[in-house]
Structure formats: C-alpha cells, structure tokens
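**Student:** Letter by letter, the chains look like this.
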Amino acid sequence: MIDFRNIRIIAGKELRDSLRNRWFIVFTIAFAGLALALSGLSQPSGTQLQLASYNRTAASLVNLVLLFIPLISLTIGATNLAGDREVGTLTYLLAQPVNRVEVLLSKYIGVAGALFTTLTFGFGLAGMVLALQGNIQDAGGYLFTVILAYLLALAMLSLGFLIATFSFRIATALGGALFLWLFLVFIGDLGIMGTVIATQMPVDAIFWVTVLNPLQMFKFSSILTIQANLDVLGPAGLYATSQFGSSLLPLLLVGLLIWIVIPLGFALFLFMRQEKLVYKGVAK
Amino acid sequence: MIVANHLTKRYAKTTALDDVTFTIEAGESVALWGENGAGKTTAIRCLLGVQGFEGDLTVNGVSVRKAGKSARAVIGYVPQEAKFYDLSIIETVRFYAKLKRVATTRIMPVLEQVQLTQHQYKRVSMLSGGMKQRLALAIALLADPPILILDEPTANLDVAAQRDFIRTIKILNQAGKTVVFSSHRLDEVLVLASRVLVLAGGKLSFECLPHELTDKLGLHRWLRIWVNPTHHQDMRQALDENGFRYQMNGHSVFVPVAGNEKGVPLWTLQQANIPIEDFDFVSGELLIGQDVNHD
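Same order as they appear, the protein sequences are chains A and B.
Here the first sequence is numbered in the working numbering, starting from 1 and rising by one per residue.
Here the second sequence is numbered in the working numbering, starting from 1 and rising by one per residue.
Do not take every clue at face value.
In silico lysine to any residue, SDA-like type, Cα no more than 20 Å apart, as pairs [claimed, not checked]:
{"#": "1", "chain 1": "B", "residue 1": "Lys122", "chain 2": "A", "residue 2": "Arg16"}
{"#": "2", "chain 1": "B", "residue 1": "Lys170", "chain 2": "B", "residue 2": "Leu157"}
{"#": "3", "chain 1": "B", "residue 1": "Lys98", "chain 2": "A", "residue 2": "Thr89"}
{"#": "4", "chain 1": "B", "residue 1": "Lys262", "chain 2": "B", "residue 2": "Ala238"}
Distance windows between CB atoms, simulated [as the list claims (entries may be wrong)]:
{"#": "5", "chain 1": "B", "residue 1": "Gln174", "chain 2": "A", "residue 2": "Val87", "range": "32 to 42 Å"}
{"#": "6", "chain 1": "B", "residue 1": "Glu81", "chain 2": "A", "residue 2": "Arg5", "range": "26 to 36 Å"}
{"#": "7", "chain 1": "B", "residue 1": "Glu35", "chain 2": "A", "residue 2": "Ile258", "range": "47 to 57 Å"}
{"#": "8", "chain 1": "A", "residue 1": "Ile2", "chain 2": "B", "residue 2": "Ile171", "range": "33 to 43 Å"}
{"#": "9", "chain 1": "B", "residue 1": "Ala103", "chain 2": "A", "residue 2": "Ser247", "range": "53 to 63 Å"}
{"#": "10", "chain 1": "A", "residue 1": "Ile262", "chain 2": "B", "residue 2": "Ser194", "range": "29 to 39 Å"}
{"#": "11", "chain 1": "B", "residue 1": "Pro109", "chain 2": "A", "residue 2": "Ile258", "range": "43 to 53 Å"}
{"#": "12", "chain 1": "B", "residue 1": "Glu35", "chain 2": "A", "residue 2": "Arg16", "range": "36 to 46 Å"}
{"#": "13", "chain 1": "B", "residue 1": "Glu207", "chain 2": "A", "residue 2": "Val87", "range": "28 to 38 Å"}
{"#": "14", "chain 1": "A", "residue 1": "Arg8", "chain 2": "B", "residue 2": "Glu81", "range": "21 to 31 Å"}
{"#": "15", "chain 1": "B", "residue 1": "Arg10", "chain 2": "A", "residue 2": "Met1", "range": "23 to 33 Å"}
{"#": "16", "chain 1": "B", "residue 1": "Glu207", "chain 2": "A", "residue 2": "Leu178", "range": "45 to 55 Å"}
Here are some, though not all, of the chain B residues that point toward chain A, as calculated from beta-carbon distances under 10 Å [as the list claims (entries may be wrong)]:
{"#": "17", "residue": "Leu48"}
{"#": "18", "residue": "Val50"}
{"#": "19", "residue": "Lys69"}
{"#": "20", "residue": "Pro79"}
{"#": "21", "residue": "Asp86"}
{"#": "22", "residue": "Leu99"}
{"#": "23", "residue": "Ala136"}
{"#": "24", "residue": "Ile139"}
{"#": "25", "residue": "Ala143"}
These are computed hints drawn from the structure, not numbers from a lab.
Even glycine gets a Cβ: it sits at the ideal position worked out from N, Cα and C.
Could you build the full structure based on these sequences and the hints that come with them?
**Tutor:** Below, the structure is given as structure tokens:
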C-alpha cells in the first residue's frame with residue numbers, strides 16, 4: 001500500500017537536498033549561462049531573419065539539452081540512490097515506517113523536481129531574452145520544446161535510477177552513468193553511422209535504429225516542433241515524415257514516455273526484489 | 001509481543017539464520033548474544049522487515065512479512081552506527097517525525113530526554129558518535145513505540161557514553177518498553193537484559209538468564225586486584241594455596257571469578273593479611289586468548 005504522504009515528505013527532502021547540492025548549482029548556472037548566451041547571439045533584423053534567428057537559437061538549445069540534460073540526469077539519478085546506499089542512510093530510512101516503492105518513487109520525484117527547476121530556469125532566461133528581442137515567433141513551440149526537455153530529463157533519470165539499483169557504490173553508479181551518457185550521445189551515433197556504411201542498411205531500418213535512442217527521439221520531436229519537418233536530418237528524417245506524417249510527433253512522445261516508464265518500472269521491480277537478494281554477502 | 005517461528009534467512013549459499021524460534025513478551029529486555037556472524041544483525045533486520053526471510057514473524061500481532069511497514073510503526077530502531085542525511089539535528093528529527101506521523105510538539109520533549117536540546121541546530125556531521133546514537137534514540141522514541149530494537153548500540157561509544165546510553169535504555173525498559181538488543185559485551189547484558197538468546201552460526205544455541213551466561217559459555221569475569229609489589233610473592237602464595245587460577249599483569253593480578261563468587265579472592269587475600277590497594281571487574285571475554293604477561 002503506497003502512502004502518498006510519505007512520498008511527499010521524502011520527495012520534499014530530496015528536492016531541497018538536490019537544490020543545495022553544489023554540483024547541481026554549478027550545472028544550473030552553466031546550463032542557464034549557456035542558454036542565455038545562445039539566445040543572446042540571435043540578432044533580429046527583418047521578419048525572415050528573425051524567423052531564421054529563432055530557429056537557429058531553438059536548434060542550439062536543443063543541442064545544449066542533448067548534451068547537458070542526459071549528463072546531469074543520468075549522473076544525479078545514479079548517484080542519488082547509490083550514494084544513500086553506500087553511506088548507509090538508505091538502510092536507516094528503510095527501517096522506518098515506509099516501504100521501498102515509496103522510497104524509490106519519492107527520490108525520483110524529488111530529483112525530477114530539481115531537474116525541472118534547472119530546466120525552467122535555463123529555458124526561462126533564454127525565453128525572456130528572445131522575447132525581449134521580439135524574437136519568439138512561436139511561443140507555443142518553444143514551450144513544447146521545454147516540455148520535451150522535461151520528458152528527456154525524466155527518461156534519463158529513470159535510466160540513472162536503474163543503474164543505481166545495480167550499483168552499491170557511488171563510483172560504480174557514476175561510472176555506469178557516464179558510460180551510458182557517452183554511449184547515447186556519441187558512441188551510439190557513431191555505431192549507427194558505421195553500421196549504415198558497412199551494411200548498406202535500408203532507410204527504414206536506419207530510422208528505427210536511430211529512434212531507439214531516447215536522445216534521438218527528443219531530437220526528432222524537437223526539430224519537428226521547430227521546423228515542422230525533418231529534412232535537416234537526411235534520409236531517416238525524410239522517411240519518417242513521409243511514412244508517419246502528422247502521427248510522427250505523437251509516436252515519438254509515446255516513445256519518450258516508454259523510456260520514462262519502463263526503466264523506472266524495472267528499477268522499482270529490482271529495488272523491491274533486493275530485500276531478498278544478497279550482494280557481497282550483505283543485504284542492503 | 002514478538003513471536004518468531006522457524007525464522008530462517010539464507011544468502012545464496014550461506015544460512016545466516018537457521019530455523020530460529022523464540023518469543024519475547026511485553027516489557028522484557030532481551031539480549032541477542034553472539035559473536036560476529038552469529039546472526040544477530042540478520043535477526044534484527046528480519047524483525048524490522050527490511051529483508052526477506054522464511055518462517056513466521058509477528059511483532060505486536062502484525063505479520064512482518066505481510067505488513068512490514070505496520071510492524072516498523074511500533075518499533076523504535078537504533079542501529080550500531082546511525083547514518084543521517086546532512087541536516088541539522090532539529091531538521092533530522094522533524095523529517096523522521098513527519099514520516100512517523102508524530103506531532104511537532106513531541107520533538108522538543110524527546111530531544112530533552114536524550115539531552116540534545118542545546119545542540120539542536122548543530123549539523124549531524126559535526127556530532128560525536130555518542131551524540132549520533134542519542135539522536136538515533138530520539139528518533140526511535142518519537143512515536144513512543146512499545147518496542148525498542150537496538151543493534152549493538154554502544155559498539156562505537158566511549159566508556160562514559162556507553163554507561164549513559166545503557167542507563168537511558170534501562171530506564172525506558174523499567175518504564176515498560178520492550179527492549180531487544182544485540183550485544184557481545186558481557187557487562188551490557190548483565191546490566192540491561194532480563195533474558196539472553198544465544199546465537200551461534202545462525203542457530204539459536206540456547207537461552208538463559210544473564211547471570212548464567214558466563215558459566216554456560218565458559219566465560220569468566222575477571223577480578224583485577226592491585227596489590228603493592230612488595231606483597232606480590234605473598235599474594236601469589238595465598239592464591240596458589242587456595243587453588244585460584246590467575247594471571248599477573250604489572251602491579252595487578254587478574255583472577256577469573258564466577259558470577260556468585262566475585263568476592264572470594266578478595267576475602268582470601270584479606271585473610272592472608274595482604275593489603276589490597278584497589279580492584280575492578282573486567283569482562284572476561286576480552287581477556288580470553290589475549291597475551292597477559294606473567295611476572
């Protein structure tokens with residue numbers, strides 16, 4: 001039986017802890033600074049140029065999100081739980097009248113709240129600059145991109161928590177998170193490119209292999225929101241637009257939601273099972 | 001109040017608890033005695049319902065397996081070394097008070113009870129081991145639970161802090177709380193326990209009264225007697241003639257004594273007109289196997 005009051009209490013503490021975490025503060029400042037710099041670079045003069053400038057800024061923000069958000073979400077998700085486990089605070093917390101589902105969910109919600117704060121701060125500053133320059137032609141599209149960034153952050157956080165359920169030391173969790181980040185951001189793309197060249201992969205297969213990566217889902221859906229087509233993404237983008245048309249964006253959103261729910265569900269399952277498992281002879 | 005039937009806990013190929021059955025009545029103070037690896041902490045983890053187990057376990061009539069959270073609600077738990085979040089004492093207590101559904105008006109009396117009121121704004125990371133244990137006790141007492149479970153609560157405390165802590169637990173037990181604690185300190189068990197469950201290799205070896213423990217385990221309490229070196233020869237002769245085993249160590253002698261015969265060596269030396277400068281009792285298990293020098 002899940003007690004939502006427990007979830008609120010622990011999530012509130014996790015949110016406060018995360019916002020006081022010095023690495024989180026550094027990240028927030030860095031993200032906001034870069035978002036601000038990118039938005040400040042647009043120089044509006046004339047409607048056509050303004051539109052191009054907005055698109056360029058939004059695309060730059062998407063690239064910033066693709067690099068930064070997975071890094072912070074994966075690492076903070078993985079180290080939050082593993083850190084509590086290594087230090088011993090988790091064992092003490094679990095000895096109180098709470099259950100494992102409440103603990104994991106509340107930690108997830110608390111950290112997600114901190115990530116949302118960071119994203120809102122960064123995107124908010126950038127949006128304000130763009131608005132002051134009279135440079136937001138599509139405020140709805142901009143807000144939708146922010147929502148997509150939230151979803152990406154949640155997906156990465158779910159993967160971070162999944163890593164944490166396998167890790168009993170902060171260093172292991174951090175290593176796993178960094179490896180997954182490298183894989184998703186760089187190695188995955190390079191691997192697909194290499195496979196495409198080596199195997200002459202058909203365009204539909206390229207698309208499906210590409211969008212298996214949640215980062216690519218975010219990228220496809222963001223560009224679709226900004227430009228209304230995926231021409232810029234080459235054959236895979238053209239294939240996706242022609243094959244799925246207006247249902248592509250909902251499909252990508254469902255894909256992102258699956259990347260949130262499945263890893264988190266698996267993490268919950270493993271975390272609940274761990275009271276029956278043993279790692280190095282000690283049940284944590 | 002606590003009933004364990006055929007409690008078993010297996011870790012892969014290791015059996016940490018093997019078919020352990022016991023009952024603890026309300027108001028008792030029961031010691032779980034055993035060496036490291038005997039299964040004490042595993043038994044406590046099972047009582048708290050934080051790990052799976054085989055067999056049946058009920059706390060206050062609640063099945064720990066089916067309703068672990070409800071069982072934990074009637075238990076105050078003090079671990080060997082409590083680990084807290086990086087908050088102040090008052091923030092920490094407030095956090096756990098919310099989780100235990102305890103009114104905020106309860107916080108200050110509990111802090112007063114464990115003498116932490118004047119330190120309430122200190123960060124937990126700045127506290128000594130003794131203060132951290134008192135904080136853990138404060139949290140354990142927040143909801144005024146009928147059962148206190150303590151896992152080697154004084155293991156990391158200095159002698160003075162140990163004495164204070166044990167005194168506090170003794171008072172709580174006398175006030176009606178059921179106390180279950182693990183220990184391998186004889187003095188602690190003798191002062192605090194009303195009954196001892198002896199675990200060995202995961203099995204419940206036997207149970208006994210605290211004063212029976214030394215004999216049942218073949219342990220000794222050691223009487224340490226200080227005598228002026230000019231009388232050492234006479235003292236050794238008196239002890240030899242009366243059949244005492246002993247070990248010399250500098251100016252003092254260690255004599256193993258049974259629970260009901262602790263004064264006999266002193267009486268023997270008095271009869272031999274050997275002036276005794278001082279004496280003390282030492283838990284025998286600490287000496288067994290150690291190299292105590294002979295004169």
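**Student:** Each of the hints needs a verdict: does it hold here or not?
**Tutor:** Against the structure, the hints:
Between B:Lys122 and A:Arg16 the alpha-carbon distance is near 18 Å, which keeps this suggested pair within the 20 Å criterion. Distance check on the hinted pair: B:Lys170 and B:Leu157 sit about 17 Å apart at the alpha-carbon level, within 20 Å; holds. At roughly 17 Å between alpha-carbon atoms, B:Lys98 and A:Thr89 fall within 20 Å of each other, so this suggested pair holds. The suggested pairing of B:Lys262 with B:Ala238 holds, with an alpha-carbon distance near 17 Å, which does not exceed 20 Å.
With their beta carbons about 35 Å apart, B:Gln174 and A:Val87 fall inside the hinted range of 32 to 42 Å. Distance hint for B:Glu81 and A:Arg5: a CB-CB separation of about 29 Å, consistent with the stated range 26 to 36 Å. Range check, B:Glu35 to A:Ile258: Cβ separation about 51 Å, and the 47 to 57 Å hint holds. Taken as a hint, the range 33 to 43 Å holds for the pair A:Ile2 and B:Ile171, whose Cβ atoms sit roughly 38 Å apart.
A hinted range of 53 to 63 Å holds for the C-beta pair B:Ala103 and A:Ser247, which are about 54 Å apart. Between A:Ile262 and B:Ser194 the beta carbon distance is about 53 Å. The supplied range of 29 to 39 Å is therefore violated. At about 51 Å, the beta-carbon gap between B:Pro109 and A:Ile258 stays in the expected band of 43 to 53 Å. For the hinted restraint 36 to 46 Å between B:Glu35 and A:Arg16, the CB-CB distance of approximately 42 Å keeps it satisfied.
A C-beta distance of roughly 36 Å is found between B:Glu207 and A:Val87, which places it inside the suggested range of 28 to 38 Å. Taking the beta carbon of each, A:Arg8 and B:Glu81 are about 29 Å apart, inside 21 to 31 Å as hinted. At about 28 Å, the beta-carbon gap between B:Arg10 and A:Met1 stays in the expected band of 23 to 33 Å. About 52 Å separates the C-beta atoms of B:Glu207 and A:Leu178, a value consistent with the hinted range of 45 to 55 Å.
Checking B:Leu48 against chain A by beta carbon gives a least distance of about 5 Å; that is within 10 Å, so the hint holds. Proximity of B:Val50 to chain A holds as hinted, the smallest CB-CB distance being about 5 Å (cut-off 10 Å). A distance limit of 10 Å between C-beta atoms decides the matter here; for B:Lys69 the minimum to chain A is near 5 Å, and the interface restraint holds. The beta carbon of B:Pro79 is positioned within 10 Å of a beta carbon in chain A (closest approach about 6 Å), and the interface hint is therefore held.
For B:Asp86, the interface hint holds, the least distance from its beta-carbon to any beta-carbon of chain A being 8 Å, beneath 10 Å. At a threshold of 10 Å, the smallest CB-CB gap from B:Leu99 to chain A is about 5 Å, leaving the interface hint in force. Checking B:Ala136 against chain A: minimum C-beta separation of about 8 Å stays under 10 Å; hint holds. Below 10 Å, beta-carbon pairs count as interface contacts, and B:Ile139 has one with chain A at about 8 Å; its hint therefore holds.
Interface restraint check for B:Ala143: the shortest CB-CB distance to chain A comes to about 8 Å, inside 10 Å, so the restraint holds.
When held up to the earlier numbered hints, the structure conflicts with hint 10 and nothing else.
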